[in-house]
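Chemist: With the hints as constraints, model all of the structure from the sequences given.
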Amino acid sequence: TIYFNSDRTGIVQVWRMRADGSAPEQVTNDAFNNWFPHPSPDGDTFFMSTETNSEAQAGVKTEVSEVGPCRLEIKIEIPPPVVAAKREDKYRNLGNNIALPGFRKGKVPRKMLEKRFGKEVADEAKADLMREAYEKAVKDRNLAILGEPEVDPDSVTMNPEQPLAFQIQVTRNARSEKE
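In case it helps, my numbering puts the sequence shown at residues 1 to 179.
Heads up, none of these hints are tricks.
Restricting the straight-line Cα-Cα distance to at most 30 angstroms, the calculated cross-link-like pairs of lysine-lysine (BS3-like) are:
1. Lys-139 <-> Lys-90
2. Lys-107 <-> Lys-90
3. Lys-139 <-> Lys-75
4. Lys-75 <-> Lys-90
These are calculated hints, taken from the structure and not from any lab test.
Modeler: The structure is reproduced here in structure tokens:
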């Protein structure tokens, strides 16, 4: 087995294939880049380098504009691979920690999880993505925000094939930014 990197999903992930080059298969599916896969001597596992959490929002677009005195609008667009990876992480976590009648803990089929908990998983993934992207935008632009951001998460739809796009209105502390 040969382990290699590919960015064909939009984010650098670890893949493997047979020694003859056939049967390529994606091994990782994270919201961040994975580099330098090294198989263990027995070939059962591999080790890799992974970007830190601050780099996990790669490809997220943010635009900040003034919409009034001390009022800002932050437009955020999260690319589909980041959205898909967050949902995958949520399903993986749920699958590892839930026991349903007839199944041992961690052994519930993915299709059953999707059918039974799909909306809750999608809502939780969307809320996490929105919060993380907002916090990163505020930190990266060194914004001093007063109060809570104004956004209606229910008005934001999440489609796995489309970017997750939303707008947030905030009140900034102009004095703090000047200092």
